[in-house]
Structure formats: C-alpha cells, structure tokens
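Trainee: Whenever a hint applies, use it, and build me the whole structure from the sequences.
Residue numbers (the numbering used here), protein chains in the order written: chain D, 1 to 138; chain C, 1 to 138; chain A, 1 to 80; chain W, 1 to 80.
By construction, these hints were calculated from the structure, which means they are not laboratory data. Glycine residues also receive a C-beta, built at the ideal position from the N, C-alpha and C atoms. A portion of the hints provided could be inaccurate.
Here are the simulated distance ranges between beta carbons [to be verified]:
| no. | chain 1 | residue 1 | chain 2 | residue 2 | range |
| --- | --- | --- | --- | --- | --- |
| 1 | W | E60 | D | E48 | 57 to 63 Å |
| 2 | C | D3 | D | Q43 | 23 to 29 Å |
| 3 | W | E60 | A | S49 | 53 to 59 Å |
| 4 | W | E60 | C | S12 | 35 to 41 Å |
| 5 | D | G83 | W | E60 | 45 to 51 Å |
| 6 | W | S25 | C | Q53 | 26 to 32 Å |
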Amino acid sequence: MIDIHISEDSLSIPACIDWVMSPQCGGIDVFIGTVRNATKGRQVLRLEFEAYQKMALKEMRKIAEQALEKWPVEKVLIHHRTGVLQVGEVPVVIAVAAAHRAAAFEACRYIIDTLKQTVPIWKKEFFEDGEVWVAAHP
Amino acid sequence: MIDIHISEDSLSIPACIDWVMSPQCGGIDVFIGTVRNATKGRQVLRLEFEAYQKMALKEMRKIAEQALEKWPVEKVLIHHRTGVLQVGEVPVVIAVAAAHRAAAFEACRYIIDTLKQTVPIWKKEFFEDGEVWVAAHP
Amino acid sequence: MKVNVLAFGIAKDIFGSSCIEVELSSAATVESLRAVLEEQHPRLKQLTSYMVAVNDEYAEAGETIEQRDEVAIIPPVSGG
Amino acid sequence: MKVNVLAFGIAKDIFGSSCIEVELSSAATVESLRAVLEEQHPRLKQLTSYMVAVNDEYAEAGETIEQRDEVAIIPPVSGG
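Mentor: Following this line, the structure appears as structure tokens:
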C-alpha cells in the first residue's frame with residue numbers, strides 16, 4: 001500500500017506512523033527531515049519549498065512502487081510539505097513498514113535518497129543577508 | 001545526548017520523536033518495533049518481555065555511546081518496554097537525530113541490530129497451543 | 001508553433017514568470033527548446049544543470065514537443 | 001562459598017526460580033560455575049547458548065567469582 005501526499009499544511013508524524021502500522025509488520029522505519037538552523041556555517045532563518053505538484057506526486061509514487069518491488073515491504077508513506085517552513089519544522093516524512101526490519105531500513109533510505117534526486121521540489125534558503133535556491137548553481 | 005528507558009508502560013512514539021528533534025539536526029531516523037500477529041507461519045496471540053533491568057540499561061547505554069562515537073549524531077534515544085504486549089503494540093523505539101541523514105540511518109540500524117544481540121531482554125511468544133522463549137533452543 | 005513552458009525554482013526567477021510562451025518550429029525537440037531558451041535567457045546556462053519535463057515526465061534530448069504538451073523546466077531539485 | 005545466581009527467561013524456568021543459591025569453591029570461575037549449574041540442571045546444556053554476567057557485565061570463562069558478586073545467567077537474548 002502506498003500513501004503519497006504534498007501539502008501546505010504541517011505534517012502529522014503520529015498520523016503518518018499510524019497509517020503504516022499493521023499487524024503483519026514487525027519493523028517500521030521512519031525518516032523525518034527537519035529544517036536545520038544552519039547550512040555550511042551560515043544561519044538559516046527559514047526555508048521555502050516549491051513543488052511542480054502534479055509531476056512531484058507522480059515521481060513520489062514511482063519511488064514508492066520501486067521500493068515495493070525491490071524489498072519485501074508492506075506499506076510506504078511519503079509526505080512532503082510546501083510553502084514557508086521555520087527552523088525545526090518538518091518538510092518530509094517517509095515511513096515504511098515491513099515484516100522484518102532490514103527491508104524497512106533499506107527501502108526508507110532508498111526512498112529519501114531517490115526523492116532528493118528525482119522529485120521536482122525546490123528549496124530556497126533565507127539568510128540574514130539574502131536567499132538562495134539550493135543546488136541551483138555549481 | 002542519550003535517553004535510555006525501560007518501562008512496563010506503553011511507549012509514546014511522539015514523545016520519543018520530540019525528544020530527539022533539535023534545530024541543529026536535519027535528519028531523524030526512527031525505528032519502531034511492533035508485535036507481529038505471526039511468526040514462521042504460526043499465529044501469535046501476545047508477547048511477554050522480561051528484562052534484567054539494571055544490566056539491560058547499562059548495555060543499552062553502551063550501544064548509544066558507541067553510536068555517538070562511530071557516527072556524527074547528536075541525540076540517541078532507546079526505549080524498551082517489558083511485560084505483556086498485544087499484537088500491534090510497540091516493544092521498542094529507537095530514535096537518532098543527526099545533522100545529516102546518512103549518520104542517522106546508519107546509527108539507528110546499528111543500535112537495533114546490536115540491541116538484539118547484547119541487551120539482556122527476553123521475549124516469550126504465546127500461541128494457541130503453547131508458549132516459547134524465542135531463540136532459547138537451536 | 002507557440003508552446004507554453006512552466007518554470008519552477010530558479011528558472012522562474014530567470015524567466016521572471018512561472019509560465020512563458022516560446023515560439024518553436026513544428027518539428028521541435030527538447031534539444032531545440034533548450035537552445036531557444038538559452039538564447040533568450042542566457043542565465044539558464046549558468047545553472048548546475050536543468051532538465052525538461054514533457055507531460056510530467058523527464059524527457060530525453062531527442063524527444064519531440066507537440067503544441068499541446070505540458071512542458072516544464074526542472075532546475076536541480078532540492079526537496080526532502 | 002554460597003553464591004546467589006539470578007536467572008532470566010528460560011533459565012528461570014529451568015531453575016524453577018528467578019534466584020538460586022549455588023555452593024562453589026572459593027576459587028570459583030565462570031567456567032566452574034557453569035559446570036556446577038549444568039550438573040544440577042542438565043537442561044541448561046540444551047540451550048542454544050548462555051552467558052554468565054558478573055556485576056552486570058558479560059564475563060569471560062576464566063573470570064573469578066567472589067561471594068558478593070551479582071551473578072546472572074543470560075540465555076540467548078531476544079529483545080527488540
């Protein structure tokens with residue numbers, strides 16, 4: 001089972017975990033991304049995430065389907081937030097439930113690593129003295 | 001920072017996650033063990049966990065300290081429950097926060113793998129027709 | 001033919017808009033679209049890289065573009 | 001000397017108690033404790049394995065046991 005979601009509203013981590021829990025699954029791995037207060041030594045004030053929503057949902061679903069093919073996992077949840085996020089807020093939650101933990105860990109790691117490479121979502125960092133689209137320039 | 005806990009009371013996953021969150025950390029990995037409804041094809045009714053509490057806390061702390069030495073992680077939480085647990089309940093929560101996700105994933109995986117090898121906690125499975133201490137016999 | 005091109009992230013800043021209209025020959029490909037855009041918006045060439053999506057899918061250089069396709073410029077992604 | 005030995009999990013079932021008293025020579029080691037216990041409770045030998053902890057730490061076979069040590073039998077662990 002797959003649950004994919006992009007939203008301007010804050011993500012509910014307990015709701016994400018409840019969704020993946022099931023009596024057949026003994027191991028759940030959850031990755032939570034949070035907004036750090038600094039990047040490369042520079043203080044970050046806030047972030048802004050923008051998504052090409054239709055394509056991003058499609059790419060997130062592809063990754064979830066790949067995870068279900070590659071590993072014996074039962075449930076895969078990928079939620080991403082857009083809009084302005086303050087330090088400490090949560091832009092992404094990935095939760096994977098499997099009968100056994102190895103598959104849950106590996107699939108969860110695969111999903112976040114692949115999401116960061118392929119899903120059309122962009123992050124802008126706001127500093128005291130300016131703002132920058134992450135990874136845009138060499 | 002380390003938070004180690006063994007308790008007869010149910011574990012609060014949101015409280016565990018709140019504890020590891022911090023503005024310096026961008027990546028949190030959480031492992032949640034749950035009681036499965038079956039093992040090797042046999043239906044499980046419930047589990048019972050027993051701990052050599054004093055030594056278990058000491059071994060859990062050692063593992064957390066090893067994780068902090070081996071990886072650049074900031075916060076490590078290991079909570080384990082004892083007593084009778086029904087299917088779907090949560091015997092163990094491990095949460096690791098790090099500046100970057102790779103360390104959080106690797107440390108979390110190391111902690112649960114090592115916990116299962118060294119921490120003196122024992123699990124008894126109850127079936128329709130009997131009960132068994134897991135791993136006791138070849 | 002005129003094709004609408006969606007822009008996100010820094011591409012939106014470069015184009016000054018989240019959607020621009022581009023005049024392309026009828027046998028246009030992703031490659032020829034890139035050439036036209038880079039001619040009109042040279043700052044695109046300063047990006048680490050950028051991809052083109054056609055109808056919500058990443059498109060290869062040789063893929064053709066039809067008038068009604070949904071075309072989007074995908075600068076380096078940075079979600080998560 | 002008499003030493004109290006704590007038992008957990010299946011060891012508790014084998015001993016019929018969570019704590020038994022064992023008579024050991026004054027120069028006892030973990031190894032000699034194991035021999036005495038296996039003599040008195042042969043079912044211990046059927047376990048996959050078991051460890052001995054002395055004062056909350058896993059103990060090697062040659063480690064000596066003093067009268068006031070906290071000694072525990074650790075059958076294969078299965079937490080998590």
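Trainee: Honestly, which of those hints from before does the structure not fit?
Mentor: Of the numbered hints given earlier, the structure breaks just one, which is hint 5.
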